[in-house]
Amino acid sequence: MKKIILLILFGSLIAAAGSAQYFEDYHYISVNGESTIEIVPDKVLITLGVETRNTDIVVAQQENNQIIKDVFSIASSFGVDDDDMQTNYISVEPYYQDVYDYNGVWQGQELEGYYVRNSVVLTLTDLSEFEDFITSVLESGVNYVHGIQFSSSNLDQYKNQARIEAIQDAKMKAQMMAEALGMEIGEPITIYENQTSSWTWDSYYWGYSWAEMSTYSGIYCYDCTGASSRNPIAPGQISVISSVNISFELK
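The numbering of the sequence shown is our numbering, which starts it at 1 and goes up by one.
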């Protein structure tokens with residue numbers, strides 16, 4: 001075992017030394033290249049929350065199931081395919097009431113009823129119908145809009161385009177700096193991709209976060225009675241960002 005470990009360490013040292021020697025044999029320049037492409041989304045992923053409560057657990061479940069069916073029916077009327085709508089979370093939770101005696105001394109808790117919570121995830125491809133769709137599902141009994149993510153069907157294509165542009169940007173920078181030194185660049189020695197992703201600001205009702213799909217602005221707030229205060233949500237644009245680091249030979 002010791003011999004194996006020593007051989008591995010020795011091999012690693014040789015590789016490191018070889019790499020160092022490789023760079024010592026060259027004059028080189030290392031630059032970062034970046035690209036940002038703004039694209040218009042063509043679909044939106046919507047996550048909805050349905051919460052019902054009742055003293056009877058069966059009734060609470062039936063009420064929840066009915067709202068979910070209504071949401072699916074509304075989604076179909078807006079052109080959402082069956083494959084683009086699904087439920088992905090359900091929970092049943094009892095809720096209790098504190099009990100006090102006539103002297104105000106806490107006596108414990110007694111079961112008051114049950115919460116049934118479910119969430120629906122669906123994809124709408126006609127963005128012109130977005131606000132009407134949100135209004136319709138809220139009127140059907142949906143309590144929460146947990147997430148809205150605008151995206152593009154051609155996102156991978158745009159990511160590849162951003163990569164190419166980032167590489168071109170790095171090469172242009174290297175050429176400019178080499179010329180300022182009275183030199184020129186040769187073959188690339190190393191290339192590293194720092195990131196290629198799309199930027200989003202997810203304004204859920206509880207805050208914001210980074211995600212890998214899209215961007216939107218605005219927020220909807222709802223209470224459990226169906227009342228709502230409504231701010232417009234605009235798709236905006238998706239920022240596809242690529243960053244690379246390339247080392248070129250200088251000669």
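Simulated from the structure, these hints should not be mistaken for laboratory data. All values reported here derive from a predicted model rather than from experimental measurement. Check each hint, because a few of them may be wrong.
[As the list claims (entries may be wrong)] Below, simulated DSSO-like cross-link-like pairs (lysine-lysine); rule was C-alpha separation at most 27 Å, straight line: (1) K69 with K173; (2) K159 with K173; (3) K171 with K159; (4) K251 with K171; (5) K69 with K43; (6) K173 with K43.
Checked hints:
| no. | hint | result |
| --- | --- | --- |
| 1 | K69 with K173 | violated, 57 Å |
| 2 | K159 with K173 | holds, 21 Å |
| 3 | K171 with K159 | holds, 19 Å |
| 4 | K251 with K171 | holds, 15 Å |
| 5 | K69 with K43 | holds, 22 Å |
| 6 | K173 with K43 | violated, 36 Å |
Violation of the numbered hints given earlier is confined to hints 1 and 6; the remaining hints are satisfied by the structure.
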